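Peer 1: Could you put the whole structure together from the sequences, leaning on the hints where they help?
One point on numbering: in our numbering, the residue at position 334 of the sequence shown is 497, and numbering is uninterrupted.
No wet-lab data here; the hints were simulated from the structure.
Quantities reported herein were computed from a predicted structural model and do not represent experimental measurements.
A couple of the hints might just be wrong.
Taking CB as the label site, the calculated pair distances span [claimed, not checked]:
#, residue 1, residue 2, range
1, F291, G439, 34 to 44 Å
2, K311, S356, 30 to 40 Å
3, F235, G439, 32 to 42 Å
Calculated lysine-lysine pairs in the PhoX-like style (CA-CA distance at most 25 Å, straight line) [claimed, not checked]:
#, residue 1, residue 2
4, K389, K422
5, K423, K389
6, K311, K296
7, K501, K389
Every residue, glycine too, gets a C-beta built ideally from N, C-alpha and C.
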Amino acid sequence: MKKFFNSISNTAEIYWFHAASLGEFYQVKPVLEGLKNVEPECVAIVSFSSPSGYDNAKSDDIDLRIYMPFDFLWSVRRALKITRPKKVIFASYDIWPNMVWVAKKRNIHTNIFAARIKDGSLKLKSGFFSFHKSVYQSISTIYTVAEKDYKNMQLIIGDSNIPVSRALGNPRYDMVMKTADEFTKEHQLSVLSRNNRIIIGSSHKEDDEFLIPVLSKMMNTHPDLKILYAPHEPSKSEIKRIQSAFSEFGLQSSVFGRKKTLELPEDKVVVLSVVGVLSRLYWQGKICYIGGGFSTGIHNVMEPAIARLPVIFGPNYHHAHEAEELLDYGGGFCIQKKDEFQSILERLVTNEDHFLKASYAATNVIHQNLGSSTRIIRNLIRD
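Peer 2: Following this line, the structure appears as structure tokens:
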């Protein structure tokens with residue numbers, strides 16, 4: 164890192180973006196690339212907390228990628244001295260307190276965008292409130308996802324004008340839309356012309372326990388149904404476990420592991436064994452279930468939504484504003500109990516009007532939330 168910064172001008176404007184993992188990088192990417200369009204001479208560092216982001220994040224506009232230094236005072240001071248950033252910008256939630264406090268002492272602008280403070284958050288509770296107030300009040304500018312997050316943030320930081328706080332949206336909507344624009348052929352096809360394929364995205368074991376029995380039962384009563392099953396961790400043992408579970412119901416499955424030729428086979432049950440292609444495969448389905456809602460929290464619901472799929476998920480979704488939007492618009496369906504899955508799925512499969520309304524509503528959520536990247540870039544430059 165030191166060698167890199169010795170090679171650039173002392174007058175270069177350096178923006179340090181931080182993303183916890185790959186998911187948060189998808190929020191950073193449209194902001195970073197848009198900023199580079201406006202200020203092409205600026206230098207962009209992107210730091211990560213996890214290997215999933217460091218190893219898999221791709222953008223030609225990253226000038227330097229690093230792991231976030233441990234949040235010790237000495238390591239933060241050294242990192243800021245070497246990098247000389249104009250601004251340190253956190254995506255969503257992964258704020259490092261000592262980084263914020265040291266940056267403030269050195270008059271370095273700090274920002275967090277796509278911030279969420281949900282109702283009932285621990286950050287609003289008495290045992291945690293003072294600590295989070297100290298951190299958030301030390302940040303220069305805060306851009307929340309929605310007005311509700313903005314109001315909850317005001318409860319933490321108070322009514323002062325510092326930090327500046329605004330509701331500017333979630334730039335990941337823009338990222339999903341940009342990726343979807345690659346599928347011009349699929350955009351022109353009616354969702355009704357697709358195979359009757361149900362796509363299970365990023366399932367956990369807690370999901371598999373009820374998904375596989377229900378799907379197997381429905382495939383007996385609806386012979387035209389097909390399944391694409393994508394486990395969250397597609398290891399060989401997980402693939403084998405899922406295939407064995409389907410075989411117990413008399414259903415044989417094939418494994419799909421290609422990354423380039425993405426036309427799915429006509430097999431009744433296909434298990435996905437690779438990562439990085441699911442967003443494109445959604446365009447070959449009609450209905451989606453996103454996993455994680457009965458364990459650590461749901462995964463990405465935007466990708467199936469832009470592909471016009473009604474999205475079903477479990478109760479642990481409140482960290483995802485987009486899931487709340489899907490529910491409000493009618494493009495998403497939350498199952499509080501596992502036995503609700505079959506009734507929701509059955510209605511989507513058998514009632515075409517209901518399916519089309521949900522399909523349109525899901526896509527509409529994405530379109531209603533576009534433009535956040537531009538708003539964030541404009542405010543980052545101005546503030």
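Peer 1: If a hint holds in the structure, say so; if it does not, say that too.
Peer 2: Here is how each hint holds up against the structure:
Between F291 and G439 the beta carbons are some 36 Å apart, a value that agrees with the proposed interval 34 to 44 Å. Taken as a hint, the range 30 to 40 Å holds for the pair K311 and S356, whose Cβ atoms sit roughly 38 Å apart. In this structure the hint that F235 and G439 lie 32 to 42 Å apart at CB holds, the actual value being about 34 Å. Among the hinted pairs, K389 with K422 is consistent with the structure: their alpha-carbon atoms are about 20 Å apart, no more than 25 Å.
Annotation: proposed proximity of K423 to K389 holds, straight-line Cα distance about 22 Å (limit 25 Å). About 18 Å separates the Cα atoms of K311 and K296, which keeps this hinted pair within 25 Å; it holds. At roughly 21 Å between alpha-carbon atoms, K501 and K389 fall within 25 Å of each other, so this suggested pair holds.
Going down the numbered hints, you'll see the structure goes against none, and every one checks out.
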